[in-house]
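Student: One-letter residues, chain by chain:
Protein chains: 2
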Amino acid sequence: MKFTVNRDRVHHAVMSVQRATAARVIQPILSNILIQSTPEGTLKLSATDLDFAIETQVPTTGIEQDGRITLSAKKLSEIISKLPGGSDVTFTIDEAVQTAKIECGSASFDIRTLPADEFPLIQQIDTENYLEVDHIAMVRAITQTVFAAAGYDANNVLGGVYFHLTASSLEMAATDGSRLARRLDTVATGNVSEEVTAIIPAKALQEFLKLGGASVEKSENEDAKPDTVRIAIKDGQISFRTPAVYMMSRLLDGQYPKFQQLIPAENKIVAYANRQALISSLERAAVMANERTNVVKMSLDKGVMSLAANTPDVGDSKDTMEVLYEGEPLSIAFNYKYVLDALRVIESDDVRMETNGALAPTLFKANDENEYLSLVMPVQVK
Amino acid sequence: MKFTVNRDRVHHAVMSVQRATAARVIQPILSNILIQSTPEGTLKLSATDLDFAIETQVPTTGIEQDGRITLSAKKLSEIISKLPGGSDVTFTIDEAVQTAKIECGSASFDIRTLPADEFPLIQQIDTENYLEVDHIAMVRAITQTVFAAAGYDANNVLGGVYFHLTASSLEMAATDGSRLARRLDTVATGNVSEEVTAIIPAKALQEFLKLGGASVEKSENEDAKPDTVRIAIKDGQISFRTPAVYMMSRLLDGQYPKFQQLIPAENKIVAYANRQALISSLERAAVMANERTNVVKMSLDKGVMSLAANTPDVGDSKDTMEVLYEGEPLSIAFNYKYVLDALRVIESDDVRMETNGALAPTLFKANDENEYLSLVMPVQVK
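Just so you know, the sequences run in chain order E and G. When the first sequence is numbered by our numbering, its final residue is 788 and no position is left out of the sequence of numbers. When the second sequence is numbered by our numbering, its final residue is 788 and no position is left out of the sequence of numbers.
Next up, chain E with everything else stripped away, as it sits in the complex (with noise of 0.2 Å):
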């Protein structure tokens, strides 16, 4: 196997791809990234845990001769980091002393392969059955609720995200057992026939917003048509595809908690805050927060905010701000840390808090649609 990359090219891939490696080297090969030729004359970069996958291709500036291989994905990198930005880079592979030659200006590198053919298969789900979703929508969906997740347990369901597929809707959520975040948009899916339902683990769709997101900013600054983000469901296993990646996971198994129950059908008390200031607000009453418990409490009075919070032999805080609210004094405390949270992936200027008293579940939406709210359980305090 023989070819010749541009080394900027080739660092990005190695550089995303090598997500997927294992961290801890159980099997040698996980470490590694597998390197294939295309018939089209690119190069195909895959690394796989075993749980989670990214393949993305590279174009070549020239694919002497054809092949597959493998190298330790740490080494590459490393070597293709120091290489000088914008030049050339020839890989030339002895597959019989098992050795692949790296050369780049002055530079050469001899570095250790393993055989392609005891890298794990990393199946292409999505050739028959696939679903279409707006990338962007998709990345909104993720950011606003996969911070809810329990982080914990990697294979509790509650370290998962539920997502809920229809032809005419995108559903996602996530929660902890303290706080909840839901997302529900009506979006034009493409090619969905049924309704479709996973718990996705939360590392596999935050790794997902890193390769993802970067893409979807360029897209805008580009003035291009949104991307699709085609998705494939089989045999316990989620797949993603972009234009720039192809990322699998496998799914969690289980039953997701019916968190519908728990979002209140009607709310009677309702106050709107300006997020920024509510966040800044908080951030300075939580500096007095027991660092065990968290705890700020939130007076609400007519058209004005209170965050309160102490530590016995330490100190206290308070904060008051302006508010739109007309209702009854009321005080509720909160994990200041999960308010701050919901407050940080709402996308609007102001925000709109609703609830039915200091003990009942509290919503933080934006002022102005309903497709969003992060549910936070309040604490109760003597």
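Because the hints were derived from the structure by calculation, they are not lab data.
Copies of the same chain look alike in the list, so a pair counts if it works inside one copy or between any two.
Lysine-lysine pairs mimicking DSBU-like chemistry, simulated, CA-CA at most 30 Å apart: (1) K743 x K708; (2) K616 x K488; (3) K450 x K488; (4) K703 x K408.
Assemble chain G onto chain E, guided by the hints.
Tutor: Below, chain G alone, put in the same frame as chain E:
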């Protein structure tokens, strides 16, 4: 005690002195900052972990009532960093209830205080006898030597930097046994009547760079005259005073190795190389260096240098570059990290490499001056 101060100024001051607070709290007062009003209407902020101390002054917009108090550095910096930039902050200390009230706009904080009388005395050891050294010369000498001090033991003399000042020279040197860095400058020192020798903990000098480096840069940008640093040594302690801060550190006790004997008086073998090109080549070759030994082999031949490394079962690397060299072929092996450390602090475009052979100490210098040298001991390889 009651005063009002600009948020950005007090923020900068708290961030500066906070670096001297104790990392692990044995005495709670050592994690506090001492705040005192001065007769000049400024505030003096102090922190110390007993080995090391930093003091700085802040102009106020008004001291209504004089006093002295200590506050938690962590809580104070958290509070101030969350307050709006440019705003005025008012501190009101009620010593009867050991509480400081901090008010700024809509926000107010009550924070526990500890009495100033419990705070250790930070001596001003430069009131009678002191020396003066050019600030830029001092920063350069520290930068070019401190990295070579041993990192493993803060109480060993090798964990310090040798400091020698006469009426006309400033010498600093550091060695960890495998490499040595020394700068010897002819400087116009002020007020030096006799020679001064000390071993200064590397940590104190690194803090000096963090605090003082910024001021030097600022002076240079503003085209101002280089500042001087006032230095005093007394009772096993050293102090540095700049317009911005007063810093004090204990000195290390003991006999510093006679490093001058290690520096060869004459070197038969000399090569010149572009500094940046050598750094890049060395970094590329180092990709395949054994991660335990860090060995890179440097081979010189007429007009060319090759850098090579290898790790069994991983791979080999090789890079070549043009150098000015007329001698016989020669191969020397180094811990490449030591060579990179040396090359990175040399300030000239080209560097001079000098040695007497493959197993002799090798010097790295700027091509056109002798004030600075970095000595690296080669490694014997089979």
